[in-house]
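Visitor: Chain residues, written in single-letter form:
Protein chains: 2
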Amino acid sequence: MSDVRMRGFKQRMEVRRFQALIRERIRPLGVETIDLACAGRRVLAEHVVSEVDVPAFSRSAMDGYALRSEETFGAGPYNPLSFKVIGEITPGSVFPGVLGPGQAVRIMTGAPIPEGADAVLMAEYASESNGVMAASEAVTPRKNIGRIGEDIKAGSQVFRSGRCLRAQDLGVLASIGVARLQVRNAPGVTLLITGNELLKPGEKPRGAMIVDSNSLMLTALIERDGGRVADVRHLPDDRERIRDSLLNAPGDILVITGGTSVGVEDHAPTLIAEEGELLAHGIAMRPSAPTGFGWVAERPVFLLPGNPVSCLAAYDFFVGLALRLMGGRPESWPYRSARLPLTERISSQIGRVDYARVKLVDEGAKVLATSGASALSTTTVADGFVVIDQDSEGFAAGEQAKVWLYD
Amino acid sequence: MSDVRMRGFKQRMEVRRFQALIRERIRPLGVETIDLACAGRRVLAEHVVSEVDVPAFSRSAMDGYALRSEETFGAGPYNPLSFKVIGEITPGSVFPGVLGPGQAVRIMTGAPIPEGADAVLMAEYASESNGVMAASEAVTPRKNIGRIGEDIKAGSQVFRSGRCLRAQDLGVLASIGVARLQVRNAPGVTLLITGNELLKPGEKPRGAMIVDSNSLMLTALIERDGGRVADVRHLPDDRERIRDSLLNAPGDILVITGGTSVGVEDHAPTLIAEEGELLAHGIAMRPSAPTGFGWVAERPVFLLPGNPVSCLAAYDFFVGLALRLMGGRPESWPYRSARLPLTERISSQIGRVDYARVKLVDEGAKVLATSGASALSTTTVADGFVVIDQDSEGFAAGEQAKVWLYD
Numbered sequence: 001m002s003d004v005r006m007r008g009f010k011q012r013m014e015v016r017r018f019q020a021l022i023r024e025r026i027r028p029l030g031v032e033t034i035d036l037a038c039a040g041r042r043v044l045a046e047h048v049v050s051e052v053d054v055p056a057f058s059r060s061a062m063d064g065y066a067l068r069s070e071e072t073f074g075a076g077p078y079n080p081l082s083f084k085v086i087g088e089i090t091p092g093s094v095f096p097g098v099l100g101p102g103q104a105v106r107i108m109t110g111a112p113i114p115e116g117a118d119a120v121l122m123a124e125y126a127s128e129s130n131g132v133m134a135a136s137e138a139v140t141p142r143k144n145i146g147r148i149g150e151d152i153k154a155g156s157q158v159f160r161s162g163r164c165l166r167a168q169d170l171g172v173l174a175s176i177g178v179a180r181l182q183v184r185n186a187p188g189v190t191l192l193i194t195g196n197e198l199l200k201p202g203e204k205p206r207g208a209m210i211v212d213s214n215s216l217m218l219t220a221l222i223e224r225d226g227g228r229v230a231d232v233r234h235l236p237d238d239r240e241r242i243r244d245s246l247l248n249a250p251g252d253i254l255v256i257t258g259g260t261s262v263g264v265e266d267h268a269p270t271l272i273a274e275e276g277e278l279l280a281h282g283i284a285m286r287p288s289a290p291t292g293f294g295w296v297a298e299r300p301v302f303l304l305p306g307n308p309v310s311c312l313a314a315y316d317f318f319v320g321l322a323l324r325l326m327g328g329r330p331e332s333w334p335y336r337s338a339r340l341p342l343t344e345r346i347s348s349q350i351g352r353v354d355y356a357r358v359k360l361v362d363e364g365a366k367v368l369a370t371s372g373a374s375a376l377s378t379t380t381v382a383d384g385f386v387v388i389d390q391d392s393e394g395f396a397a398g399e400q401a402k403v404w405l406y407d
Numbered sequence: 001m002s003d004v005r006m007r008g009f010k011q012r013m014e015v016r017r018f019q020a021l022i023r024e025r026i027r028p029l030g031v032e033t034i035d036l037a038c039a040g041r042r043v044l045a046e047h048v049v050s051e052v053d054v055p056a057f058s059r060s061a062m063d064g065y066a067l068r069s070e071e072t073f074g075a076g077p078y079n080p081l082s083f084k085v086i087g088e089i090t091p092g093s094v095f096p097g098v099l100g101p102g103q104a105v106r107i108m109t110g111a112p113i114p115e116g117a118d119a120v121l122m123a124e125y126a127s128e129s130n131g132v133m134a135a136s137e138a139v140t141p142r143k144n145i146g147r148i149g150e151d152i153k154a155g156s157q158v159f160r161s162g163r164c165l166r167a168q169d170l171g172v173l174a175s176i177g178v179a180r181l182q183v184r185n186a187p188g189v190t191l192l193i194t195g196n197e198l199l200k201p202g203e204k205p206r207g208a209m210i211v212d213s214n215s216l217m218l219t220a221l222i223e224r225d226g227g228r229v230a231d232v233r234h235l236p237d238d239r240e241r242i243r244d245s246l247l248n249a250p251g252d253i254l255v256i257t258g259g260t261s262v263g264v265e266d267h268a269p270t271l272i273a274e275e276g277e278l279l280a281h282g283i284a285m286r287p288s289a290p291t292g293f294g295w296v297a298e299r300p301v302f303l304l305p306g307n308p309v310s311c312l313a314a315y316d317f318f319v320g321l322a323l324r325l326m327g328g329r330p331e332s333w334p335y336r337s338a339r340l341p342l343t344e345r346i347s348s349q350i351g352r353v354d355y356a357r358v359k360l361v362d363e364g365a366k367v368l369a370t371s372g373a374s375a376l377s378t379t380t381v382a383d384g385f386v387v388i389d390q391d392s393e394g395f396a397a398g399e400q401a402k403v404w405l406y407d
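Chains Y and E, in that order, are what the protein sequence lines are.
Going by our numbering, the first residue of the first sequence is number 1, and it counts up by one from there.
Going by our numbering, the first residue of the second sequence is number 1, and it counts up by one from there.
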């Protein structure tokens with residue numbers, strides 16, 4: 001068995017075929033009903049139709065005086081017209097009477113227009129003393145009045161299912177009286193971090209032991225992509241313990257790091273084949289070749305390389321895609337991008353995707369590293385990365401490339 | 001008093017002066033020490049120097065065989081050279097002996113190189129049976145060996161103070177054995193949501209009462225900018241209750257919405273002047289004119305208009321800036337932007353900043369609204385916004401404008 005596993009990958013799957021396989025197999029999760037206050041950045045899983053008009057009453061758009069507009073006609077700075085101020089109305093209250101001829105009601109922004117009035121004169125064009133207001137400007141009917149349903153009409157669709165809720169969306173949902181709403185479940189991910197050589201984050205490296213750098217990195221990436229970490233398990237390279245977690249760990253999706261290649265301690269690929277389906281193992285990508293994808297106990301399982309740069313790239317190419325699909329989000333990367341000239345050439349092989357880390361310099365983007373899967377510091381010194389597609393032999397010096405920015 | 005307040009703003013401060021005032025007055029907060037696991041997106045407040053080499057030992061970069069490279073010279077597919085396999089070494093363990101002439105040790109990626117070996121032959125170029133390995137390729141000294149400190153050298157500076165920590169940064173910090181680290185405090189914000197007309201989010205609008213749409217929106221924006229909400233208080237337009245919160249509410253910064261203009265119920269500006277300093281009130285911006293900034297009880301206080309579009313724009317122009325400065329983050333907006341032609345002209349007044357909501361269409365960006373401070377739905381139908389600077393009279397149809405994208 002161990003000798004078979006020491007042979008290397010016989011063939012490597014194309015990155016785009018691997019991604020197509022993910023799109024074929026991964027389906028959006030179910031839905032849950034949550035409080036509006038928790039709905040920021042969640043994906044709506046229902047069409048929202050407003051049951052109410054916003055505003056539900058005519059309201060003043062200004063601080064000023066509610067009056068009958070026709071009675072202001074002819075008013076001007078040198079021809080002020082007088083109105084009797086019969087009261088004041090502030091937001092949240094309703095004027096008890098009806099406004100009659102020659103009368104005005106002092107009114108604040110947002111307060112309901114009193115019956116009998118059809119316009120609001122801005123405070124700037126009014127002066128008041130001893131209960132009499134002098135208007136120095138004429139207003140037309142409906143001037144400075146917010147109509148019923150001006151913001152949102154009762155019966156109108158406010159949001160469609162699938163929308164990722166923005167800050168202001170929460171405000172609109174509050175304004176139409178929504179208390180709870182249906183959203184797509186956030187995919188729960190269990191991380192199985194395997195390797196006899198691994199210490200947990202927070203420990204000091206010692207002897208032949210190194211500290212796991214993948215679990216914290218993956219946790220941050222999973223949260224960025226709308227997922228949540230259901231559990232993190234640090235496991236030794238112990239076949240039966242890995243098998244047990246493969247079958248029994250919580251979560252909608254499992255991500256196994258380490259032990260995913262073809263070495264003697266690489267149990268995960270054969271375990272997936274034994275307990276379910278190993279759909280892909282080994283990809284034409286540098287770094288990240290020892291990446292895999294399978295299905296066990298009715299859920300997807302990803303195998304990510306233990307080398308941290310490979311782990312980061314494989315997460316971004318495959319697991320992030322799966323999480324966004326499960327969560328009903330757009331497929332596209334959450335990184336910003338910019339087209340920039342490369343300061344030197346990058347060469348790659350046809351048939352293989354390369355993940356080159358680059359630094360922004362005055363002249364454009366400078367390549368820091370294309371190999372070095374174990375040197376995570378190349379991704380922290382870098383400002384972003386360039387993907388060299390499988391159909392490309394690379395870029396010439398000075399050629400424009402799409403740079404994906406880590407920030 | 002109420003008559004004075006009904007006069008409108010006598011003069012309006014330029015937006016850029018208001019922002020300069022914020023930069024003058026706001027200082028970064030203090031620091032705290034937190035667990036590495038909680039440090040994602042936090043701002044580092046110390047330089048981090050590694051105490052260790054990563055890796056701390058020479059390790060194999062491949063699955064294969066550790067051996068003496070000079071003994072492989074001349075090996076090829078038609079001239080395999082034999083080695084006696086004297087053991088196996090996996091990550092986390094140390095080979096107990098010293099490799100002698102003609103010997104090889106089976107080694108996995110990440111395992112320490114045994115004493116006596118100076119290279120690793122990839123498994124793909126080796127075949128093993130009955131304890132003998134046949135090498136079909138020659139390797140040069142140090143081939144497939146990760147050097148001590150190759151990723152990070154002991155004594156080197158890994159991150160500078162001020163860095164906003166990315167996913168992969170957490171991995172690097174774990175790998176050098178960091179357990180806790182110093183980060184800038186996240187600014188705590190108390191929201192005072194004032195207005196007799198306001199119901200709390202989750203309630204149904206009724207009569208002259210409307211539902212507060214600002215608190216949930218602001219909470220999401222504050223979290224985006226690295227702040228945390230210390231408290232949310234819904235208060236009626238009651239001078240003494242607002243005063244009490246102004247003086248006694250928790251948080252590094254207060255944000256008051258509603259009652260910030262010049263109407264009879266607009267208590268906040270005069271309260272700030274009574275209890276501290278009202279540094280600015282009324283700005284040359286549409287919407288958001290009734291925005292203010294002051295200092296009470298040794299902390300900044302912002303006055304934001306109650307109208308939700310004004311509240312959103314004023315948050316983004318001023319409060320977000322203050323929070324990012326307090327948290328040690330870059331000043332720039334967290335929105336992506338794109339240069340796009342406008343489908344029609346927008347006109348604005350010299351001296352005033354306009355916040356125009358736009359929708360992306362095939363031809364570019366279409367203006368949806370420049371006024372309508374109360375219609376929050378204009379910001380949810382829109383894909384982004386265009387800022388018309390105070391020195392500009394607007395844009396001609398077809399002219400390129402910088403569009404800030406809400407997503």
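Mixed in with the good hints, there may be bad ones.
With a straight-line cut-off of 25 angstroms between C-alpha atoms, the simulated DMTMM-like cross-links for lysine to aspartate or glutamate are [to be verified]:
#1 Y/K359 <-> E/E331
#2 Y/K402 <-> E/D362
#3 E/K402 <-> Y/D407
#4 E/K200 <-> Y/E46
#5 E/K143 <-> E/E203
#6 E/K84 <-> E/E128
#7 E/K84 <-> E/E115
#8 E/K204 <-> E/D244
#9 Y/K200 <-> Y/D238
#10 E/K204 <-> Y/D389
#11 E/K10 <-> Y/E124
#12 E/K153 <-> Y/E203
#13 E/K200 <-> Y/D35
#14 Y/K153 <-> E/D383
#15 E/K200 <-> Y/E150
#16 Y/K200 <-> E/E46
#17 E/K359 <-> E/E393
#18 Y/K10 <-> E/E124
#19 E/K10 <-> E/D362
#20 E/K10 <-> E/E393
#21 E/K359 <-> E/E298
#22 Y/K366 <-> E/E150
#23 Y/K204 <-> E/E128
#24 Y/K200 <-> Y/E223
#25 E/K359 <-> Y/D53
#26 Y/K200 <-> E/D53
#27 E/K402 <-> E/D362
#28 E/K84 <-> E/D53
#29 E/K204 <-> Y/E344
#30 E/K10 <-> E/E275
#31 Y/K359 <-> E/E150
#32 Y/K204 <-> E/E150
#33 E/K402 <-> Y/D383
#34 Y/K402 <-> Y/D389
#35 E/K359 <-> Y/D389
#36 Y/K359 <-> Y/E344
If you are wondering where the hints come from, they were derived from the structure by calculation, not from laboratory data.
Visitor: If you test the structure against every hint from before, which numbers come out violated?
Guide: 5, 8, 10, 19, 21, 23, 28, 29 and 35
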